[in-house]
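Keeping the supplied structure of chain A fixed, place chains B, C and D upon it in accordance with the hints.
There are 4 protein chains.
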Amino acid sequence: MIITLKKNAPQVEVDALIHHFEGMGLKVNMIHGDNWNVFGLVGDTTHLDERSILANQWVENVQRVQAPYKLANRMFHPEDTVVDVSGIKIGAGQPVVIMAGPCAVESKEGLCEIAQEVKSAGAEILRGGAYKPRTSPYSFQGLGTEGVMDLVEARKRTGMPVVSELMSVDKLDEFVENVDLIQIGARNMQNFDLLKAVGRTNKPVLLKRGMSATIEEWIMSAEYIMASGNPNVIFCERGIRTFEKYTRNTMDLAVVPILKDKTHLPVVIDPSHATGDWKLVKAVSLAAIAAGADGLIIECHNHPEMALSDGMQSLKPEKFADLVQSARKVAEAVGRTL
Amino acid sequence: MIITLKKNAPQVEVDALIHHFEGMGLKVNMIHGDNWNVFGLVGDTTHLDERSILANQWVENVQRVQAPYKLANRMFHPEDTVVDVSGIKIGAGQPVVIMAGPCAVESKEGLCEIAQEVKSAGAEILRGGAYKPRTSPYSFQGLGTEGVMDLVEARKRTGMPVVSELMSVDKLDEFVENVDLIQIGARNMQNFDLLKAVGRTNKPVLLKRGMSATIEEWIMSAEYIMASGNPNVIFCERGIRTFEKYTRNTMDLAVVPILKDKTHLPVVIDPSHATGDWKLVKAVSLAAIAAGADGLIIECHNHPEMALSDGMQSLKPEKFADLVQSARKVAEAVGRTL
Amino acid sequence: MIITLKKNAPQVEVDALIHHFEGMGLKVNMIHGDNWNVFGLVGDTTHLDERSILANQWVENVQRVQAPYKLANRMFHPEDTVVDVSGIKIGAGQPVVIMAGPCAVESKEGLCEIAQEVKSAGAEILRGGAYKPRTSPYSFQGLGTEGVMDLVEARKRTGMPVVSELMSVDKLDEFVENVDLIQIGARNMQNFDLLKAVGRTNKPVLLKRGMSATIEEWIMSAEYIMASGNPNVIFCERGIRTFEKYTRNTMDLAVVPILKDKTHLPVVIDPSHATGDWKLVKAVSLAAIAAGADGLIIECHNHPEMALSDGMQSLKPEKFADLVQSARKVAEAVGRTL
Amino acid sequence: MIITLKKNAPQVEVDALIHHFEGMGLKVNMIHGDNWNVFGLVGDTTHLDERSILANQWVENVQRVQAPYKLANRMFHPEDTVVDVSGIKIGAGQPVVIMAGPCAVESKEGLCEIAQEVKSAGAEILRGGAYKPRTSPYSFQGLGTEGVMDLVEARKRTGMPVVSELMSVDKLDEFVENVDLIQIGARNMQNFDLLKAVGRTNKPVLLKRGMSATIEEWIMSAEYIMASGNPNVIFCERGIRTFEKYTRNTMDLAVVPILKDKTHLPVVIDPSHATGDWKLVKAVSLAAIAAGADGLIIECHNHPEMALSDGMQSLKPEKFADLVQSARKVAEAVGRTL
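Listed in order, the protein sequences are those of chains A, B, C and D.
The opening position of the first sequence corresponds to residue 1 in my numbering, with each subsequent residue numbered one higher.
The opening position of the second sequence corresponds to residue 1 in my numbering, with each subsequent residue numbered one higher.
The opening position of the third sequence corresponds to residue 1 in my numbering, with each subsequent residue numbered one higher.
The opening position of the fourth sequence corresponds to residue 1 in my numbering, with each subsequent residue numbered one higher.
Simulated from the structure, these hints should not be mistaken for laboratory data.
A couple of the hints might just be wrong.
Which copy is meant is left open, because identical chains are indistinguishable; a pair holds if it fits in one copy or across any two.
[Said to hold, decoys possible] Mimicking DSS-like on lysine-lysine, the simulated pairs with C-alpha atoms at most 27 Å apart in a straight line are:
1) K279 to K245
2) K196 to K171
3) K7 to K27
4) K7 to K70
5) K203 to K262
6) K89 to K171
7) K319 to K108
8) K108 to K171
9) K329 to K89
10) K196 to K329
11) K6 to K27
The structure presented is a predicted model; accordingly, all values stated were derived computationally and were not measured.
Chain A on its own, in the form it takes in the complex (with noise of 0.2 Å):
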């Protein structure tokens, strides 16, 4: 870490402070300027708070030199993180993997029939939420504990493994029993106790980034559940928030190549959130997989104008068909199956 302090900050006060990281542990180098000096500080950072140094009034700047997370960081970890979901394996050139079905789970007979389609289309791994985070207490909120029940007959009957999104703690053993990936949704990114709860098991999970979180914010919310004691984090990125009104939310595929150069961890792209609008979804698969993603999470309806929630993102299952069709081919491209 390096701090630079004010070029006339009192000897006194720069000796309490050299004083003060020598007591930490570190130890403190010291550059001259002209107009400032600077310390260096070597050793184990990870739990200094930048802002708590800030607050000494003759600190100009602090620079963090080292990344703030240690257990998914790749310099600690060089090799890739490959996530087993009940048999089905994510990451390290791993084939890309589909996950797909309804945003919402309406029916058990809806859902088994969106299962069957998207199974024969080449999906591997069944979406569909039981419990909705939506903007309007006056939403649709989800079906609750018979959603689960819905997915887990629908695992039944087609084989494939279930993801569902998590939005709290007293619903966990419910989720671990019946769940094979749980998702951690945006809007929960930051619900600290949440992390904590889902770390302390040893299930999949799906950390999707928040609207407004920066890389580091969605690496440090990695780092909450691995520091819990799970190391199986994949990251799934939905999109931001920005000005742009045509969509949803402005998707940053960026974050492969970043995440796969900071950390071990696979990265999915859920193309469905990102764009809002199910007439984008497709380029923005394949983009995804061209940049490298570990997989894609799309949401299918059969009836979309008829979906109790975000029809207007879902694809009908011929459309689904033939974008897996296109991904493939762009997986093989880039030297990956799918």
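Here is chains B, C and D on its own, set in the frame of chain A:
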């Protein structure tokens, strides 16, 4: 609600839509344009979901005319709401209320000391975090229950009601019993289970704006609490995330007149988080009062450079006292007291 | 255009508005709601300004149904436009075109050397800035006319058409005479005098997206050029400004299918500025082609660490050659050539 | 400037870098860390480009300690600058100055009428656009030279100096001759040729912040003007672009104390463009004064609903007069006059 249909929509599809909306008890009026047709839906459209309607391939556009919130809506509740926090009244032209105290509770004695100081300077409510949402799992996470008990002790000694952040439903009873004003933090503004839970109590709630929440989404989160039965909601702006790097967040002061126009609830401003820099807190605090805010919540610390979190944005007691003096003059200039 | 009136609008005001719009040759239809009334305006509303209508105190809301652009609108020009840059055809399923070269022209020999290298690797158009928009007045501002002449020399030696940024109307003649494709930079996307000036020539224009421009504003800037008489416009996405700090800008790849849906003009992607980091350029380039882009514009430099500007995002020739190889495979996977 | 090198940087590369910087007259100091090495450069680093240094593959990170601006920097110019606009003094504790008038000049008589009204109400400078930057080529583009002459006439009749926006270098002489304060609009904040051109005059310049400009970029644009020889620069905040939809832009009032800390130049606020809604203008104006602004620039129109541009954000004269009354009280509360 105004729905624009594509010009080439087949009559059978148009009829189906009309039938669908009429089945929901809405009256449907129609305008024929050159390149489009328009439905006007007359009746209560609060339960309709724009994005579901947009899923219909013949729909070009949907515009909500009526706001999607009812209980928070000034149209249906023209009188200003006053929220009573253990005797301190907030809103509706009541004196401007100042809440102050440390970011995090760090020790009973430290808390009681700063509580006395901010009280002497003019604060009426004591703030202090017992559970802290921290980006890093390696940062100080708060004293937990011990911190809540320290707040109780500080209240006993000073007579000031206390406000503290609730991060998780399983601590709700602890907060209902011990805290006067429950804060829902920015990261949990759309933690809907938590909103419903505080909605089932009758404790006043300080609802912070999410980092990238639109004003409408923020009002909808208030609506969640109110729809669960609790009308005692106070909005708290703490800045939004933008590209600007000189401040931690960008304070959006236009929210004050907007919220006062669209809702009947009180509005409080948090200049400490909005700017992230104690040197900016005074100017922004005075601006907030001039804009019509009903209160301020400000971080203070006796030794900011030793604070376990956010020392950088904490005021020392003497600077806080100076701020209150100036704030009083501005309040009077806009016809309020403090 | 759909105009929502407040329910309490006096009849005399409503009649005045009807009269006003009918006087503009528009047909006015009306819907009566419970809490509002709605006008539908039938006819050409391109010249109406939403914000002027909103200035009327009885107007609640204005929604444009028809897009505000005409010449760039696919609805009125269903065929894809192909722009011919001195023999290189861009758009409409033509082979993907790669433009490459240094950020700034630094010397004639250096430019000719890199030009030969990118040509051998597969680039068809040479890029190079002679006039450079720099944040600091103390940074290298480009070689000016000398740089333009160096581009002319490089074209002579390699046969490649050249693209360069025009920053000011007074250099227009120099560019019309010497440059094959005139670039309008992000900072000048709404320099309307410059847009009108290039619109009065018939040179192809590469119109970069402003840092915080919506897609609609960007199309409107193309409309300025086209309305001045020049139909040869190519869009170029170079990333938008967001809160994310790991990349210089956030690449918005959804623009590719959106622009192809709403307009008939070609779309090129600039991965160098979008990411600001050469290590990310390859992944984002492949993604762009998979998304359907008609071309790429990429910064290359023989000695990036010695570049006078933006060395950080410049590829060395061998990495560029590798990128082109991979890009060719992705282009073929999506049914294009390169 | 602090440069962090990767630990595995070969000694020959490190030596080359040291040699490079020493060749530029800088002194190089070094800190050795466990995982990295750090250079501290001592001397004038204003001419160094961070991104060029980052292009070196062995460089991990670059941090600028000294601000990249000199002439605008308070560190080298501790006294507040007062800008004199034809006798009206702005900055440095002078009375708060109010500029008001129509968005666009529409007719001589209309302009003179509103000029008299805003003068009576307390405005000291008359605003009015003769050249208008409009998103659409089909919108009213301003009266041009005729509009400038109308401003001259209004000044003759009222004695008020006038401010108007210059969009293009070829109108510079017209503005130098006829206008008292030259406005550079948000869209041209980084039109560097225009900045250099006004920098070569000695006219006061009102420099608006770009829609997505950081404060540092904004100061750098002031530095362009100053480095060309013109020290008379006034900053004008007009809101930045964010995701929020209830306002046209998001007013960032923290710029007032920040600019006053980092620079010595006056700061004016434009609440009309910042909010885009006349109903919000008063609250935001009072807030701006409380925050320490040196002036306001406000749009007024006798018949906003007939305005050719931006009627929605224009105040009627009586509301403007009321605003000035309240503004005076707030100015006094913070120790200023108006």
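Unmet hints by their number, sorted upward, for this structure: 10
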